[in-house]
Amino acid sequence: MTPLLIAQIGLTLFVFVMLLNSAAIMVYVERKVAARLQQRLGPTLAGPRGMLQPLADIVKLMFKEELRPAASDWLLFSLAPIISATCAFAAFAVVPFGGSTTLFGLVPDGLPLQVADVNVAVLVIFAIASMGVYGIVLAGWSSNSKYSLLGALRSSAQMISYELSYGMALASVLVIANSLSLTDVVNRQAGAWLGVIPRWYVFLQPIGFLIFMTAGIAETNRAPFDFPEAEQELVAGYHTEYSSMRFAMFFMAEYINMVTVSAVAADLYLGGWHGPLLPESLGWVWFLIKIAAILFFYVWMRWTLPRYRYDQLMAFGWKVLLPLSVVNLIATSAAVLYFGL
Amino acid sequence: MTAETVLFYVFAAVAVVASMLVIAQRNPIHSVLLLIASFGALSGLYVLLEAPFVAVIQIIVYAGAIMVLFLFVVMLLNAPHEETGHDLAVHPLLRPGPLRVGGVLAAALVVELVWALTAHGGESGAFPSGAVSSVAAIGRSLFRDYSFQFEVTSVLILVAMVGAVVLASRGPTGRAR
Amino acid sequence: MPALNHYLVLSAILFSIGTAGVFLRRNLITILLSIEIMLNAVNLSFVAFGRALGSADGQIIVFFVMTVAAAEAAVGLAIVISLFRHHESLNPDQFTALKW
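Quick mapping for you: the protein sequence lines, in order, are chains H, Z and S. Under my numbering, think of the first position of the first sequence as 1, with each following residue one higher. Under my numbering, think of the first position of the second sequence as 1001, with each following residue one higher. Under my numbering, think of the first position of the third sequence as 2001, with each following residue one higher.
In case anyone wonders, no lab produced these hints; they're calculated from the structure. The structure presented is a predicted model; accordingly, all values stated were derived computationally and were not measured. Warning: the hint list may mix true and false statements.
[Said to hold, decoys possible] Beta-carbon label-pair distances, calculated as ranges:
{"id": "1", "chain 1": "H", "residue 1": "L37", "chain 2": "S", "residue 2": "R2085", "range": "42 to 50 Å"}
{"id": "2", "chain 1": "H", "residue 1": "D311", "chain 2": "Z", "residue 2": "R1100", "range": "41 to 49 Å"}
{"id": "3", "chain 1": "S", "residue 1": "Q2094", "chain 2": "H", "residue 2": "F296", "range": "54 to 62 Å"}
{"id": "4", "chain 1": "H", "residue 1": "Y310", "chain 2": "Z", "residue 2": "G1139", "range": "31 to 39 Å"}
{"id": "5", "chain 1": "Z", "residue 1": "A1137", "chain 2": "H", "residue 2": "A331", "range": "21 to 29 Å"}
{"id": "6", "chain 1": "H", "residue 1": "Y308", "chain 2": "Z", "residue 2": "A1106", "range": "16 to 24 Å"}
{"id": "7", "chain 1": "H", "residue 1": "V327", "chain 2": "Z", "residue 2": "G1139", "range": "20 to 28 Å"}
{"id": "8", "chain 1": "S", "residue 1": "Q2094", "chain 2": "H", "residue 2": "N21", "range": "37 to 45 Å"}
[Said to hold, decoys possible] Here's a subset of chain H near chain Z, in silico, CB distances under 7 Å, partners left out:
{"id": "9", "residue": "L123"}
{"id": "10", "residue": "A127"}
{"id": "11", "residue": "S130"}
{"id": "12", "residue": "V133"}
{"id": "13", "residue": "W141"}
{"id": "14", "residue": "I176"}
{"id": "15", "residue": "L180"}
[What the hints assert, rightly or not] Which residues of chain Z face chain S? A partial, calculated answer using Cβ under 7 Å:
{"id": "16", "residue": "P1028"}
{"id": "17", "residue": "I1029"}
{"id": "18", "residue": "L1069"}
C-beta atoms are modelled at their ideal positions from N, C-alpha and C, and glycine is treated no differently.
Isolated chain H, as found in the complex (with noise of 0.2 Å):
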């Protein structure tokens, strides 16, 4: 056991680790600034500030009863919460969030913070997402309801339609940087121009990461895309049969999915780990930063916007957002081959 393989072990754990806890700080987060968005003030009790809700949630879950309707397929009703969590760990796996480090002259060749670096990075994280779909589906379609069911036919359709766009996103990204994997997408943001304005994507793709983050909220069902659960007519769509921990499953890959595609947005738009004025080997405190930034983003638009109507939602789909997507990858490519960047 080399110390580089033992640190790349504790490494994952701490990435699996990590995920789960932001998975409880979301809830948190999301219930607070809710609360505040609204002029309340949101949870209290648990601990100071309330900062102990996550845990009383996850406790009072582990109690509740395992339900599960006589009518159901049983072994996709077990299945289903499973490929959802599991792709939402998953997708995580290729996503860099640092650059290398000795751990204090630990690791003498350095450790990348990642946990595995692979060359088609990008495509990886876009195929895992497309199997996070499955876990719905089979939800939805194996509680054996109507309201289950329309919940999964809606978010498929919803996460098909969206899928083209953030692919054609991720595409204008990958034309400029030339490159596959995200550590690379990542190194050549580094550095600013005329020493002020950082070398962020983010500058050079507006639209793109305008249609990125549309997409993204889709892909992760937030409102004002959260068809598959909408409470007011679906009763909570693709999970309405789920209960205790089961549900926890749900629940936790909705969260860690936010997690995710923050993460790949703040590695293709905003220069990932490089920010001023910190040296590089603090850089995943600018991630951090960034991380944060983009789920306040998505917390805040939940509170903010009303949830369209569906055929709204499919309009928006396929006749504004990917012909725009589509434009801005000839357009990008245009410019590419022009400039020659």
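Assemble the complex: chain H is given as a structure, and chains Z and S must be docked to it using the hints.
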């Protein structure tokens, strides 16, 4: 046994068992899911063959798009289970004539495959080093050497799209055509 | 180290399973799935041959096969849906309207 060999046999076993279960299942939803498992195993095999791009495309296109389409249709048709029993006697392939022809064809397929695989006495050794696995090389070849074929596939996709819409849509009166 | 032959044998087994599915099953959706199995078996041989010859052509042909598979699935499923609307069945033996 190197790790690669172990992985090959694991993936191969998953692919074969899942594919056999696909055709042994009565429930189409289970068939579709097992086929996705089989595609996952194939994707692992592509990684072993140093073709990571194909592996990822396999997941994105097959597992992520085509199989979702299948799942959608199965759910839309409310997963009708295959009728069993009542027409077993008249199964066209169980009549004596087709049974014999089918048996001959199946035997021919097996003989051909065995012959093709053993014609060289199984001497094909290990793969040469230096696989073409970079996406850039594949893209260059695809858009230079195969650019015409690439453009033709776009026409194919367009035709398929129009065909699917025309076939599956209901007429202006709202009734199925 | 698995060699070319291993992959070809696996491909042959998968192709045979797909063929058997097409012949034996009487559910249009399962038949379409069996065709996908056959296409994938062929893809596996293409990639394995490409690897053995050290060229990208194998992977590119897989690309085209996938395009055709997508087109085939879309049109095939559209036909399945419209047939199901008429006959309330997925059994190909039921579709004998042209036979009398």
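Now for the hints, and whether the structure bears them out:
no.	hint	verdict
1	L37/H x R2085/S: 42 to 50 Å	48 Å, holds
2	D311/H x R1100/Z: 41 to 49 Å	56 Å, violated
3	Q2094/S x F296/H: 54 to 62 Å	58 Å, holds
4	Y310/H x G1139/Z: 31 to 39 Å	37 Å, holds
5	A1137/Z x A331/H: 21 to 29 Å	26 Å, holds
6	Y308/H x A1106/Z: 16 to 24 Å	55 Å, violated
7	V327/H x G1139/Z: 20 to 28 Å	22 Å, holds
8	Q2094/S x N21/H: 37 to 45 Å	56 Å, violated
9	L123	4 Å, holds
10	A127	4 Å, holds
11	S130	3 Å, holds
12	V133	6 Å, holds
13	W141	6 Å, holds
14	I176	15 Å, violated
15	L180	6 Å, holds
16	P1028	5 Å, holds
17	I1029	10 Å, violated
18	L1069	6 Å, holds
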